[in-house]
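Using the hints, position chain B with the ligands against chain A.
Residue numbers (the working numbering), protein chains in the order written: chain A, 179 to 489; chain B, 545 to 769.
You may find that some hints are simply not true.
No farther apart than 30 Å at their CA atoms in a straight line, the calculated lysine-lysine pairs in the DSS-like style are these [said to hold, decoys possible]:
hint, chain 1, residue 1, chain 2, residue 2
1, B, Lys551, A, Lys296
2, A, Lys349, A, Lys326
3, B, Lys739, A, Lys296
4, B, Lys551, A, Lys349
5, A, Lys399, A, Lys417
These are calculated hints, taken from the structure and not from any lab test. These figures come from a predicted structure and were not determined experimentally.
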Amino acid sequence: MNRLQGVLAAGGFAVTAEIGPPKGADPTRLRRYAERLRECTDAQNLTDNQTAIVRLSSLAACVHVLAAGGEPVLQVTCRDRNRIAIQSDLLGAYSLGVQNVLCLSGDHQSFGNHPTAKNVYDIDSIQLLGMVRRMRDEGCFLCGEEMKAPPRFFIGAAANPFADPLEFRAKRLAKKIAAGADFIQTQAVFDLERFRTWMAMVRDIGLDEQTAILAGVIPPKSARALRFMAQVPGMAVPKELLRRMESASDQQEEGKRICSELMEELRSVPGVRGLHIMAVMWEDVVPELVERAGLLPRPWQAASFSGRETG
Amino acid sequence: MIVADRKPLAEILTLVRHAGRILLVGCQECVTVCLAGGEREVAELSLILRLARAQGRAQVDGPLEVITATVHRQCDDEFLAPLADQVANVDCVVSMSCGVGVQHMAAYFPHTWVVPALNTRFAGATIKQGLWEERCSLCGDCQLYRTGGICPITRCAKSLLNGPCGGSQEGHCEISADIPCAWQQIYDHLRTMGKLELIEEIVCVKDWSRARDGGLRRSVREDVS
Ligand code: SF4
Ligand code: SF4
Numbered sequence: 179m180n181r182l183q184g185v186l187a188a189g190g191f192a193v194t195a196e197i198g199p200p201k202g203a204d205p206t207r208l209r210r211y212a213e214r215l216r217e218c219t220d221a222q223n224l225t226d227n228q229t230a231i232v233r234l235s236s237l238a239a240c241v242h243v244l245a246a247g248g249e250p251v252l253q254v255t256c257r258d259r260n261r262i263a264i265q266s267d268l269l270g271a272y273s274l275g276v277q278n279v280l281c282l283s284g285d286h287q288s289f290g291n292h293p294t295a296k297n298v299y300d301i302d303s304i305q306l307l308g309m310v311r312r313m314r315d316e317g318c319f320l321c322g323e324e325m326k327a328p329p330r331f332f333i334g335a336a337a338n339p340f341a342d343p344l345e346f347r348a349k350r351l352a353k354k355i356a357a358g359a360d361f362i363q364t365q366a367v368f369d370l371e372r373f374r375t376w377m378a379m380v381r382d383i384g385l386d387e388q389t390a391i392l393a394g395v396i397p398p399k400s401a402r403a404l405r406f407m408a409q410v411p412g413m414a415v416p417k418e419l420l421r422r423m424e425s426a427s428d429q430q431e432e433g434k435r436i437c438s439e440l441m442e443e444l445r446s447v448p449g450v451r452g453l454h455i456m457a458v459m460w461e462d463v464v465p466e467l468v469e470r471a472g473l474l475p476r477p478w479q480a481a482s483f484s485g486r487e488t489g
Numbered sequence: 545m546i547v548a549d550r551k552p553l554a555e556i557l558t559l560v561r562h563a564g565r566i567l568l569v570g571c572q573e574c575v576t577v578c579l580a581g582g583e584r585e586v587a588e589l590s591l592i593l594r595l596a597r598a599q600g601r602a603q604v605d606g607p608l609e610v611i612t613a614t615v616h617r618q619c620d621d622e623f624l625a626p627l628a629d630q631v632a633n634v635d636c637v638v639s640m641s642c643g644v645g646v647q648h649m650a651a652y653f654p655h656t657w658v659v660p661a662l663n664t665r666f667a668g669a670t671i672k673q674g675l676w677e678e679r680c681s682l683c684g685d686c687q688l689y690r691t692g693g694i695c696p697i698t699r700c701a702k703s704l705l706n707g708p709c710g711g712s713q714e715g716h717c718e719i720s721a722d723i724p725c726a727w728q729q730i731y732d733h734l735r736t737m738g739k740l741e742l743i744e745e746i747v748c749v750k751d752w753s754r755a756r757d758g759g760l761r762r763s764v765r766e767d768v769s
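Only chain A is shown next, with the shape it has when bound in the complex (with noise of 0.2 Å):
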């Protein structure tokens, strides 16, 4: 049961969210996530050592949220592992029941914890992209040699519209889509305008026909948050919306209305197939925003539904 590509397949508007992992090895907090997103998102997406900051790892929560009856996308950087340890995480996860997997070049090291550590960078993420989708449909390693039992993962990657030269941004997702890329997830929009004419230039060369895309939102907790969002390398957040947040007497509600209103909207621009909620640190909302939404129940909870196996 894949409920992300099923949602998907049979047309409809998918949601998912997205977990950091702990700074420990406690994975209490993790699983209570999981468990309170697994009923109101489609699948849910572990960070692999976001920030380049030392989390435990991506393929572990995808264990502890499938425990949890969630349904798990890998995130996969190229930052920390060769395409030696790439493919054979990736049999790993497969074999414990993971079957989404999202393909990302990560974020520096310079900006963890560990910003002396040497990066790998063997490959990117388009040729992660291509990688994966090698493994799934030809049966076989980067390297030619054929494999028993490849991995069938449904193939995410990531689209940043806010990031430059705003011309290529479009022509990128191309190259992600012709590399193997099944579905998308946004940078967070805030930026709406922005956002459109990225999408105008998307559906301009036929790729949201191509590919499934969902868009990124965060709901920001403070004005704090978000102003230090607006400092993120590739993330644009307008004026606007920080004046908004800060002149809010309950920033929190605030925080959650400018949500809403952001994911109303996403909604309605053509070509947009779903929403990534990304709540960092503040998992706990989700819930309610997809309520407020009108996102509920999900297609797969109907009795009718039949997701179609990936396995």
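Relative to the frame of chain A, chain B with the ligands by itself:
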């Protein structure tokens, strides 16, 4: 050229702490151009070392005698041979060349302790007076024909081969506002040249066996060896 800069004085003093007499050797090639290990830097370091030891700032007793020399090229036997007499009379050789020169010196004088005074940084070029920047990672399989003469392996912080990551904004790399995004530079240049189609192609995984990852590299020319 190879770009290097001098190690901190405290580190060099530690490296020579057991020596009473050293030979400090510069090189007239790259490290002269990048103002790290030419004749002038040799004279300067010689003076600083002697002063530091004389003033007792080096946590070792006793003065340091420094003999200096600057050779045409430290990575060639022919230029090391004339140093033999001087090398025989010192406790330690301090090389102010790049890591290649240091190793060549250590191999040429196998009974002498040779230490580096420089940190060898990168293969790069002079951008302007006093500024050198990395240009090549010596990957063994040059890709510059795809990217309009801008090396993504070296100049992109993630060595990406298929275009800019999601951290590229306003022309700079996600790691610092001071560092240009190589892929923005590549994009701009290819656009000017009317060759943007080059970055629409998917570039396959790289063969790193031709880079350092493949083990010690050698270049052989049968016709001249
Ligand atoms: S592609 Fe390789 S050889 Fe060419 S400049 Fe870059 S690192 Fe050097
Ligand atoms: S911002 Fe540009 S130079 Fe920096 S890692 Fe990304 S693509 Fe490479």
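Hints versus structure:
1. Lys551(B) with Lys296(A): Holds. Lys551(B) to Lys296(A) sits at ~21 Å (cutoff 30 Å).
2. Lys349(A) with Lys326(A): violated (35 Å)
3. Lys739(B) with Lys296(A): At roughly 34 Å apart (the allowed maximum being 30 Å), Lys296(A) and Lys739(B) break the hint.
4. Lys551(B) with Lys349(A): violated (45 Å)
5. Lys399(A) with Lys417(A): Since the Cα atoms of Lys399(A) and Lys417(A) sit roughly 17 Å apart, the hinted pair holds (cutoff 30 Å).
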